[in-house]
Amino acid sequence: SQQGEEDPQALSIQEGENATMNCSYKTSINNLQWYRQNSGRGLVHLILIRSNEREKHSGRLRVTLDTSKKSSSLLITASRAADTASYFCATIGFTGGGNKLTFGTGTQLKVEL
Amino acid sequence: EPEVTQTPSHQVTQMGQEVILRCVPISNHLYFYWYRQILGQKVEFLVSFYNNEISEKSEIFDDQFSVERPDGSNFTLKIRSTKLEDSAMYFCASSVGVVSGELFFGEGSRLTVL
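Here the protein sequences line up with chains A and B, keeping their order. Using the working numbering, the letters of the first sequence correspond one by one to residues 70 to 182. Using the working numbering, the letters of the second sequence correspond one by one to residues 677 to 790.
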């Protein structure tokens, strides 16, 4: 698989439920980030977790990172219709060229009323 | 809140024409980037720019592409002799530096090559 593969590719849930998205990557990373993209819009940074961290919280978001398995998960609790969007994980390696992000394929989340 | 702005939001051009996509990064940021997203595909890194020079570029960023920071605020992507496969959403981004890792993206410029 390529660097940054999310699963599931699509997820449909009811408002109020939790949504979990997973991401796997192949190479060593400096940090892993999650971004959100509403249809036809730009990417919005959600949360960053560094390679020496295992879990991080931000509001209704919880991110975990398992560097031994090269995987991360994003949990959105108590989802809302406004959370409907595509979610991408993106990794940064150890290059000297600034913050070059390698994006995953994304999970399309649909939260229904 | 400071934001990255991009113009135009949508540009339609004929194959073989040159296009320039413009970006105004966040003012105190030092690193600037272009990414692109072909419809239905991954967001792909094109180039990063720091201290008035390219710091890294991908295989996609060949001689057809160039970037420039013509003044203290604008950051441009020029695509020469456009091809059908250049049709994509092009995103500009900026970051303070390497430590934080967070990139701030613009809303994108949709390029359609006919």
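One or more of the hints may lead you astray.
[Claimed, not checked] Straight-line C-alpha distance at most 30 Å; calculated DSSO-like pairs for lysine-lysine:
#1 Lys125(A) x Lys718(B)
#2 Lys138(A) x Lys733(B)
#3 Lys139(A) x Lys179(A)
#4 Lys718(B) x Lys754(B)
#5 Lys139(A) x Lys759(B)
#6 Lys125(A) x Lys138(A)
[Claimed, not checked] Going by beta-carbon spacing under 10 Å, a handful of chain B positions derived as facing chain A:
#7 Gln693
#8 Glu694
#9 Arg698
#10 Tyr711
#11 Phe721
#12 Phe741
#13 Ala764
#14 Met765
#15 Ala769
#16 Glu778
#17 Glu783
#18 Gly784
Hints listed in this document are in silico derivations from the structure and should not be mistaken for laboratory results. Cβ coordinates follow ideal geometry from the N, Cα and C atoms, glycine included.
Hint check results:
no., hint, verdict
1, Lys125(A) x Lys718(B), "25 Å, holds"
2, Lys138(A) x Lys733(B), "29 Å, holds"
3, Lys139(A) x Lys179(A), "26 Å, holds"
4, Lys718(B) x Lys754(B), "21 Å, holds"
5, Lys139(A) x Lys759(B), "37 Å, violated"
6, Lys125(A) x Lys138(A), "17 Å, holds"
7, Gln693, "24 Å, violated"
8, Glu694, "24 Å, violated"
9, Arg698, "15 Å, violated"
10, Tyr711, "8 Å, holds"
11, Phe721, "5 Å, holds"
12, Phe741, "16 Å, violated"
13, Ala764, "13 Å, violated"
14, Met765, "8 Å, holds"
15, Ala769, "8 Å, holds"
16, Glu778, "5 Å, holds"
17, Glu783, "4 Å, holds"
18, Gly784, "5 Å, holds"
When each numbered hint is compared with the structure, violations occur for hints 5, 7, 8, 9, 12 and 13.
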